[in-house]
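K.L.:
My request is simple: use the sequences and hints to build the entire structure.
The numbering of the sequence shown is numbering that gives the first Met the number 0, which starts it at 0 and goes up by one.
Among the hints, erroneous ones may be present.
Here are the simulated lysine to any residue pairs, SDA-like style, with alpha carbons at most 25 Å apart [to be verified]: (1) K228 - G116; (2) K241 - H217; (3) K241 - S94; (4) K241 - A61; (5) K146 - Q35; (6) K107 - L8; (7) K107 - A61; (8) K228 - N20; (9) K241 - N32.
Bear in mind the hints are in silico, worked out from the structure with no lab data behind them.
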Amino acid sequence: MSDRPFFRLSSGPGLPTEKSNTVLIVPVVSAGNVSQLCADLLIHTLLLRQVGIFDPGYYAPAVGGQDGEHSTRISTPMELFGLPGGDIFVLQQRSPVLKDRKEEFVSKLLQTIDSSGFGSVLYLVGSDQSARTDAQMGSNCYVILAKDTTRDSIISTPLAGLLELPPLGHSLADQLGPETSVIPGTGLARRLLRASGATPSIALIQYVAEGDNIPDAHAMAAAVAETLKIQIQEWTQPPSWKCAMFGMPADQQLFG
Numbered sequence: 000m001s002d003r004p005f006f007r008l009s010s011g012p013g014l015p016t017e018k019s020n021t022v023l024i025v026p027v028v029s030a031g032n033v034s035q036l037c038a039d040l041l042i043h044t045l046l047l048r049q050v051g052i053f054d055p056g057y058y059a060p061a062v063g064g065q066d067g068e069h070s071t072r073i074s075t076p077m078e079l080f081g082l083p084g085g086d087i088f089v090l091q092q093r094s095p096v097l098k099d100r101k102e103e104f105v106s107k108l109l110q111t112i113d114s115s116g117f118g119s120v121l122y123l124v125g126s127d128q129s130a131r132t133d134a135q136m137g138s139n140c141y142v143i144l145a146k147d148t149t150r151d152s153i154i155s156t157p158l159a160g161l162l163e164l165p166p167l168g169h170s171l172a173d174q175l176g177p178e179t180s181v182i183p184g185t186g187l188a189r190r191l192l193r194a195s196g197a198t199p200s201i202a203l204i205q206y207v208a209e210g211d212n213i214p215d216a217h218a219m220a221a222a223v224a225e226t227l228k229i230q231i232q233e234w235t236q237p238p239s240w241k242c243a244m245f246g247m248p249a250d251q252q253l254f255g
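P.N.:
Okay, here's the thing in structure tokens:
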């Protein structure tokens, strides 16, 4: 167990000042990385600033330049973004959690969420579209409540609009083992949703195929914006998407 704090504030905007209306958006590393791409769109479009960083010892090692035209700062495996006095905070996770630290990570993350003043949590999850059942073919997006969250507790938050989407199977409280999971292959989503937590939490699950998931990310971001009643004229894609997603485009002269 690390002696370092799990979460450290930076010199940025700080944590929420009023709990009731603040929303924390948590992208779960999952199919197509669609949730991370969606988080990038939200961070860059809303011009969110770094609030703090998480202990990097829980993740596969990763470090890189911060995604910006003239930024000289570095990016770490998991960071929190927001605005001073804002009511929308976005967590960005760039590296998966190490296998032997998953249980501790989930516990620490939920403790941090409950103690940081967030009014509600929205988990963003991508799921392999080939794993859908016949009953799940009616929509690409579904929602599922966390174990300790009720519909009434979500209705009183800015995430109430998500309840208009179809629910994904039975509640997690009724699922006894991995074999009964209705969200297979979605990383830590099931652990996070089944763990005990005091903050009302709901997951938006979008079925995707591996490949170019930028259109999927735009669709997920649009769903988030509609839920939170954010007016977006045009989404701002990170500069790195121009070349870092699939490499530089091939010279068209190669094809005659």
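K.L.:
Hint by hint, where does the structure go against what was stated? Just the numbers, ascending.
P.N.:
Those not satisfied: there are none.
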